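Chains as they are written, first to last, in our numbering: chain A, 2 to 277; chain B, 2 to 277; chain C, 16 to 325; chain D, 16 to 325.
If you're looking for bench data, these hints aren't it; they were derived computationally from the structure.
Computed from a predicted model, the values in this text were never measured in an experiment.
Ideal Cβ positions, reconstructed from N, Cα and C, are used throughout, including at glycine.
Incorrect hints may have been included.
As the list claims (entries may be wrong) - Per the computed footprint, the stretches of chain C lying under chain B, defined by three or more beta-carbons under 8 Å from a beta-carbon of chain B, are:
hint : stretch
1    : 55–61
2    : 85–96
3    : 187–201
Said to hold, decoys possible - Cβ-Cβ distance ranges computed for the label pairs, FRET-style:
hint : chain 1 : residue 1 : chain 2 : residue 2 : range
4    : A       : E75       : D       : F52       : 22 to 28 Å
5    : A       : P213      : C       : N25       : 39 to 45 Å
6    : B       : E178      : A       : P35       : 38 to 44 Å
7    : D       : R319      : C       : A199      : 52 to 58 Å
8    : C       : A219      : B       : P199      : 40 to 46 Å
So the chains spell out like this:
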Amino acid sequence: MSASPSPPAIRVDAEVRANQEEGAENRRLRLGVPGWPGSAPGQFAMLSPGSRGAAERYDPLLPRPMAVYRTVPEAGGAELEILYKLSGRGTRLLADARPGATVRVVGPLGVGFPLPQLGQRALLVGGGTGIASLYELAAAAQARGPVVVLLGARSAADLMGRADFVALGVDLRVATEDGSEGTPGRVTELLETALAAPDAGGEIVYACGPTPMMRRAAEIAARRECRCLVSLENRMACGFGVCLGCAVPRTEGGFALVCRDGPVLDAGSVRWEEAS
Amino acid sequence: MSASPSPPAIRVDAEVRANQEEGAENRRLRLGVPGWPGSAPGQFAMLSPGSRGAAERYDPLLPRPMAVYRTVPEAGGAELEILYKLSGRGTRLLADARPGATVRVVGPLGVGFPLPQLGQRALLVGGGTGIASLYELAAAAQARGPVVVLLGARSAADLMGRADFVALGVDLRVATEDGSEGTPGRVTELLETALAAPDAGGEIVYACGPTPMMRRAAEIAARRECRCLVSLENRMACGFGVCLGCAVPRTEGGFALVCRDGPVLDAGSVRWEEAS
Amino acid sequence: MTVAVDTEVNLGGITLRNPVLTASGTFGYGSEFAPFFALDRIGGIVAKSLTLEPRSGNLPPRIAETPAGMLNAIGLENVGVDAFLAEKLPLLPEGLPVLASVFETDIDRYAEVCKRLSGAPKLAGLEINASCPHVKSGGIEFGQRVELLARLVRETRRASSLPLFIKLSPNVTDIREMARACEAEGADGISLINTLQALDVDLATRRPALRNGLGGLSGPAIRPVALRMVWQASQAVKIPVCGIGGIMTGEDAVKFLVCGATAVQVGTANYLNPMAAVEVADGIERYAAAHGFARVSELVGTLRPYASSR
Amino acid sequence: MTVAVDTEVNLGGITLRNPVLTASGTFGYGSEFAPFFALDRIGGIVAKSLTLEPRSGNLPPRIAETPAGMLNAIGLENVGVDAFLAEKLPLLPEGLPVLASVFETDIDRYAEVCKRLSGAPKLAGLEINASCPHVKSGGIEFGQRVELLARLVRETRRASSLPLFIKLSPNVTDIREMARACEAEGADGISLINTLQALDVDLATRRPALRNGLGGLSGPAIRPVALRMVWQASQAVKIPVCGIGGIMTGEDAVKFLVCGATAVQVGTANYLNPMAAVEVADGIERYAAAHGFARVSELVGTLRPYASSR
Ligand SMILES: Cc1cc2nc3c(=O)[nH]c(=O)nc-3n(C[C@H](O)[C@H](O)[C@H](O)COP(=O)(O)OP(=O)(O)OC[C@H]3O[C@@H](n4cnc5c(N)ncnc54)[C@H](O)[C@@H]3O)c2cc1C
Ligand SMILES: Cc1cc2nc3c(=O)[nH]c(=O)nc-3n(C[C@H](O)[C@H](O)[C@H](O)COP(=O)(O)OP(=O)(O)OC[C@H]3O[C@@H](n4cnc5c(N)ncnc54)[C@H](O)[C@@H]3O)c2cc1C
Ligand SMILES: Cc1cc2nc3c(=O)[nH]c(=O)nc-3n(C[C@H](O)[C@H](O)[C@H](O)COP(=O)(O)O)c2cc1C
Ligand SMILES: Cc1cc2nc3c(=O)[nH]c(=O)nc-3n(C[C@H](O)[C@H](O)[C@H](O)COP(=O)(O)O)c2cc1C
Ligand code: FES
Ligand code: FES
Numbered sequence: 002m003s004a005s006p007s008p009p010a011i012r013v014d015a016e017v018r019a020n021q022e023e024g025a026e027n028r029r030l031r032l033g034v035p036g037w038p039g040s041a042p043g044q045f046a047m048l049s050p051g052s053r054g055a056a057e058r059y060d061p062l063l064p065r066p067m068a069v070y071r072t073v074p075e076a077g078g079a080e081l082e083i084l085y086k087l088s089g090r091g092t093r094l095l096a097d098a099r100p101g102a103t104v105r106v107v108g109p110l111g112v113g114f115p116l117p118q119l120g121q122r123a124l125l126v127g128g129g130t131g132i133a134s135l136y137e138l139a140a141a142a143q144a145r146g147p148v149v150v151l152l153g154a155r156s157a158a159d160l161m162g163r164a165d166f167v168a169l170g171v172d173l174r175v176a177t178e179d180g181s182e183g184t185p186g187r188v189t190e191l192l193e194t195a196l197a198a199p200d201a202g203g204e205i206v207y208a209c210g211p212t213p214m215m216r217r218a219a220e221i222a223a224r225r226e227c228r229c230l231v232s233l234e235n236r237m238a239c240g241f242g243v244c245l246g247c248a249v250p251r252t253e254g255g256f257a258l259v260c261r262d263g264p265v266l267d268a269g270s271v272r273w274e275e276a277s
Numbered sequence: 002m003s004a005s006p007s008p009p010a011i012r013v014d015a016e017v018r019a020n021q022e023e024g025a026e027n028r029r030l031r032l033g034v035p036g037w038p039g040s041a042p043g044q045f046a047m048l049s050p051g052s053r054g055a056a057e058r059y060d061p062l063l064p065r066p067m068a069v070y071r072t073v074p075e076a077g078g079a080e081l082e083i084l085y086k087l088s089g090r091g092t093r094l095l096a097d098a099r100p101g102a103t104v105r106v107v108g109p110l111g112v113g114f115p116l117p118q119l120g121q122r123a124l125l126v127g128g129g130t131g132i133a134s135l136y137e138l139a140a141a142a143q144a145r146g147p148v149v150v151l152l153g154a155r156s157a158a159d160l161m162g163r164a165d166f167v168a169l170g171v172d173l174r175v176a177t178e179d180g181s182e183g184t185p186g187r188v189t190e191l192l193e194t195a196l197a198a199p200d201a202g203g204e205i206v207y208a209c210g211p212t213p214m215m216r217r218a219a220e221i222a223a224r225r226e227c228r229c230l231v232s233l234e235n236r237m238a239c240g241f242g243v244c245l246g247c248a249v250p251r252t253e254g255g256f257a258l259v260c261r262d263g264p265v266l267d268a269g270s271v272r273w274e275e276a277s
Numbered sequence: 016m017t018v019a020v021d022t023e024v025n026l027g028g029i030t031l032r033n034p035v036l037t038a039s040g041t042f043g044y045g046s047e048f049a050p051f052f053a054l055d056r057i058g059g060i061v062a063k064s065l066t067l068e069p070r071s072g073n074l075p076p077r078i079a080e081t082p083a084g085m086l087n088a089i090g091l092e093n094v095g096v097d098a099f100l101a102e103k104l105p106l107l108p109e110g111l112p113v114l115a116s117v118f119e120t121d122i123d124r125y126a127e128v129c130k131r132l133s134g135a136p137k138l139a140g141l142e143i144n145a146s147c148p149h150v151k152s153g154g155i156e157f158g159q160r161v162e163l164l165a166r167l168v169r170e171t172r173r174a175s176s177l178p179l180f181i182k183l184s185p186n187v188t189d190i191r192e193m194a195r196a197c198e199a200e201g202a203d204g205i206s207l208i209n210t211l212q213a214l215d216v217d218l219a220t221r222r223p224a225l226r227n228g229l230g231g232l233s234g235p236a237i238r239p240v241a242l243r244m245v246w247q248a249s250q251a252v253k254i255p256v257c258g259i260g261g262i263m264t265g266e267d268a269v270k271f272l273v274c275g276a277t278a279v280q281v282g283t284a285n286y287l288n289p290m291a292a293v294e295v296a297d298g299i300e301r302y303a304a305a306h307g308f309a310r311v312s313e314l315v316g317t318l319r320p321y322a323s324s325r
Numbered sequence: 016m017t018v019a020v021d022t023e024v025n026l027g028g029i030t031l032r033n034p035v036l037t038a039s040g041t042f043g044y045g046s047e048f049a050p051f052f053a054l055d056r057i058g059g060i061v062a063k064s065l066t067l068e069p070r071s072g073n074l075p076p077r078i079a080e081t082p083a084g085m086l087n088a089i090g091l092e093n094v095g096v097d098a099f100l101a102e103k104l105p106l107l108p109e110g111l112p113v114l115a116s117v118f119e120t121d122i123d124r125y126a127e128v129c130k131r132l133s134g135a136p137k138l139a140g141l142e143i144n145a146s147c148p149h150v151k152s153g154g155i156e157f158g159q160r161v162e163l164l165a166r167l168v169r170e171t172r173r174a175s176s177l178p179l180f181i182k183l184s185p186n187v188t189d190i191r192e193m194a195r196a197c198e199a200e201g202a203d204g205i206s207l208i209n210t211l212q213a214l215d216v217d218l219a220t221r222r223p224a225l226r227n228g229l230g231g232l233s234g235p236a237i238r239p240v241a242l243r244m245v246w247q248a249s250q251a252v253k254i255p256v257c258g259i260g261g262i263m264t265g266e267d268a269v270k271f272l273v274c275g276a277t278a279v280q281v282g283t284a285n286y287l288n289p290m291a292a293v294e295v296a297d298g299i300e301r302y303a304a305a306h307g308f309a310r311v312s313e314l315v316g317t318l319r320p321y322a323s324s325r
């Protein structure tokens, strides 16, 4: 039960095919990526929002890590879908890119999710932009056993990718903080309920979202003695293990590199108190 | 015979209405500028190519001086036309701006051209991007006497604004270095010919273009004892007299500020040997 | 939750209606900005540095653009102290705090300029630009040698009873040592940073981008260095610090206040946006209101280092 | 007019196929870049700085973005000298010049690391990172005190006969003095610059952007400062200078060569573009060809100051 093998990363100029609004601050970017070698669920790519355009610009300087939401292989490469949320300068400039523009892509990067054992029930817990890391996992896990997807957001408009998960046909449950969709409250409460069900036991839990959410999901899973994997969203400069900027402290001492040893890590291996 | 009075400058976010290719590397930008107070021939504006977009960016940092090519007054402001050439990063990023985008404008700035005396023949000599400074002057000078416009470029495709000058109905003569249009050679040779004509004498010469061209035009005019005004294209940071970056050495000692005392200066007042 | 904010600050004895001054050399003599906004909307003005006699500056090119920054080597160009007093100062509105900036090539001349300025009715204070090369020391800046700096402060202090601010050079190994020397010699405050010494090359000609060769780097590029020095200096001395370097927005200015600056100066930003200083002042007020600070001065020195900081 | 260009340079006794090395701490131990390009397309590699024992670094956040730059405070994290020799060095291709970088907290330990590295078959040279705080001097960097730096060079020189490069700290009043001390103590070359000491603030929490508080500024923002120091140092000493700081393109690198650098190192650019070092090497060659230089080495030190430069 280890992660799927990762193809070697490439660096390539991708062409923006679409960059659409999806709810309040969510966007869906579709990129034509020549030579894209495919990726495993949970892997990510580094996207440069800054250099795009007629001349190189160095403000903002660094590329942004973005989960590979979905890929569609095509002749000579793949179409990559990225779901992202306008949060800071990086993502707002990315949203400026119109069809025809160029975005530098480095990827696929990182170690993705280990898949569930055959027949094992998988619980996927996604909050905020973390949802974007879970779609390909949901699709792959479906081939191995029952899949429950728990998604959380502040409100219905903030929820990412809902329709795609519905189309997958997974058991989808939603929580919103303002109650505008699904159960009012936090997505971790959905997890608690799911694991408290009489038929619960032996599940594998996957969580991606804000750090407090992942930490809480890890506690709930630990209490039920379920294995829990988290996908971290640390700040990154390189994405391939050379800047040491994305380090996260490990329970056993020292650091893991989120970009190289992760982004998917065993929840128990992370020293949460000092993880941001 | 002093320059037309200059309205006070404003700072405003202008809306890009069009940004069209005109020949190889020439572009015509049309901006909707709320509150534009009008300008005198030869004045300029500072345009920020860098900050445009969803978030402020500081690379490139400085705004670029651009001549007011033409203005069309409209309710609550004016439409400003700018003719520019892709030369460096600044102008290439400006060319990225699509209709609907925002460009910061500070202007009108500087002291423009003194108009010819009534009945005085005006010779306007423009090379490269310097042509953009001459259109409004040509229009205004026509009301006072005969106007000859001499334009130069490397080749026909590089020539800016030709059709507009034709439409004005001025006496237009063109020189290109490769001979692809008009007289083969340099525009200053056209000036020499014009001033050597039997009916020559008492003209006023206006020149804007590369420094060697202006210097040569000034020499030719001086030999014929014609007054010669040049419009300089120095590097600028502010455009309104506070950075002291645009200084040009004066024959009488000290410096003139191109943005405040110019851009139009008496050719004789410039110490050309050290002017760049 | 938004509250009404008191923006007034006291900078070494000078009351400013808000903590935003304009940096010397980037705001002319002030009146150039009158078309763009009412000057009394900002805290005050530091005028272009003055010498005893009028001086013309360096040959062009004097400026160049760099990534998120600019280089300049204007030279000592200014109208001279007497013309400033006679022609420039009277153009500024009553009640607007104006600091005159002074630079010279030896200490006696610095002191003489200070003396002449001290009689002026409208001046709120003096800022001594210590980034000028000391001719007798072979080009080293006054602000780069602690003994030289101490002497400069002592003599200018003696020459004037106006509030005295020393503008430090950032081109030093230890800014704290320089700040302490200013405090010990009786300065009322320090301003930092001036530009970082730098160079760029024009690849078409393989000449320096500036005629002068070396120049000073300013703009957003240097902001993190400026924040570091302001934080270090404000930890080292009790006199107020005026923070300068790459401030473009209210948020940038708040960072300086948080690091210990009592007030800030807006420099290069004035070139790209003549409204920058006003927008910075408004932005500081907005930040204070949004974060529940009743007084902008309460933001000063609120940086909270991490507990486990090494 | 395009000519065939000889890109080879000699850096203090090491022959490089082209003048582009990768900067310590920005290229891992080298093999991380193997998916992106054949490593022998660049001049060589400076590996991540090593200490005597393996060390883990600072708690996060360790990096932050600034205008045209980035801040970092990684701490001393590295695998240690022995693991480097046993596990990392063997992964690199034969014939690729590799410099090991060394940093420590006292001089004896620096010397000991150099000693252990000197036996290694594959190493082309050593780079001593002098930007490490000297614990006994209360946090001052080795490269910030000329006597300390001189002692460091003397002892590491004694510990190894490999070509020895000293990487200087830019956080000093006078880089020439530091360069001269290295030359006098027998260094084969100097590398500069390391990062500028800096600070940024997270306005949501009013904490430093980095857990460590202070960090090092790198990237295009610092390039003009780096060019200045490279030019000053190369005027001050005869040993070769390796230029570092904000190099993103071949043109940027040519500026360093023109200012007197014999070779360059590409740092932060490797993060945004894993092909950066190769692209820089190609760009240098293109510039040389376009400007009629038969040898890249002929570009070195060709800066032509203006005649009337002050
Ligand atoms: C493996 C991985 C996968 C990711 N996948 C996605 C995805 O699919 N979709 C998506 O929208 N986002 C994703 N992210 C997060 C994304 O990379 C950006 O960091 C985030 O969206 C911030 O947006 P920005 O670049 O606009 O922010 P910035 O331009 O950096 O500015 C926004 C503010 O956020 C702060 N900030 C930036 N990054 C972080 C951080 N990591 N932690 C804390 N503060 C930060 C900055 O200091 C700044 O104040 C992923 C991150 C990782 C590591
Ligand atoms: C009053 C005035 C009016 C102007 N009007 C026009 C106009 O109407 N149309 C137009 O196209 N241009 C005009 N210019 C020139 C314009 O401002 C730009 O400087 C020029 O186009 C350079 O383009 P850029 O910004 O793309 O270059 P950059 O992004 O700066 O880079 C191009 C290269 O040119 C160099 N460079 C930049 N500016 C100068 C300079 N002034 N002198 C020498 N080298 C320089 C840079 O160092 C760089 O290497 C005018 C200039 C002035 C002062
Ligand atoms: C063109 C220019 C001229 C300057 N002239 C002076 C000056 O005369 N006296 C002075 O003390 N500082 C001068 N400075 C430095 C600024 O006041 C300020 O300290 C520095 O630019 C950093 O701030 P900034 O990044 O906001 O510009 C000048 C800066 C620039 C860019
Ligand atoms: C994340 C990071 C880690 C670094 N680690 C080291 C190091 O271990 N040893 C060293 O000598 N320099 C280190 N540096 C400094 C670089 O080698 C280089 O000197 C500096 O970043 C300036 O070059 P640049 O602007 O091209 O990055 C590091 C820089 C960064 C950004
Ligand atoms: S992001 Fe650079 S090491 Fe992980
Ligand atoms: S451009 Fe600033 S003074 Fe002329």
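These are the hints, each one checked on the structure:
Counting residues of the stretch 55–61 of chain C whose C-beta lies closer than 8 Å to any C-beta of chain B gives 0; at least three are required, and the coverage claim is violated. Three residues within the 8 Å Cβ limit are the bar, and the stretch 85–96 of chain C against chain B gives 4, so the coverage statement holds. For the stretch 187–201 of chain C, the stated coverage by chain B is not satisfied: 0 residues place a CB nearer than 8 Å to a CB of that chain, which falls below the threshold of 3. Distance hint for E75 (chain A) and F52 (chain D): a CB-CB separation of about 26 Å, consistent with the stated range 22 to 28 Å.
Take P213 (chain A) and N25 (chain C): their Cβ atoms lie about 41 Å apart, and the range 39 to 45 Å holds. For E178 (chain B) and P35 (chain A), the Cβ-Cβ distance of about 41 Å falls inside the hinted range of 38 to 44 Å, so the restraint holds. Hint check: R319 (chain D) to A199 (chain C), Cβ distance near 45 Å, so the stated range 52 to 58 Å is violated. Taking the beta carbon of each, A219 (chain C) and P199 (chain B) are about 43 Å apart, inside 40 to 46 Å as hinted.
Consistency note: the structure conflicts with the earlier hints numbered 1, 3, 7.
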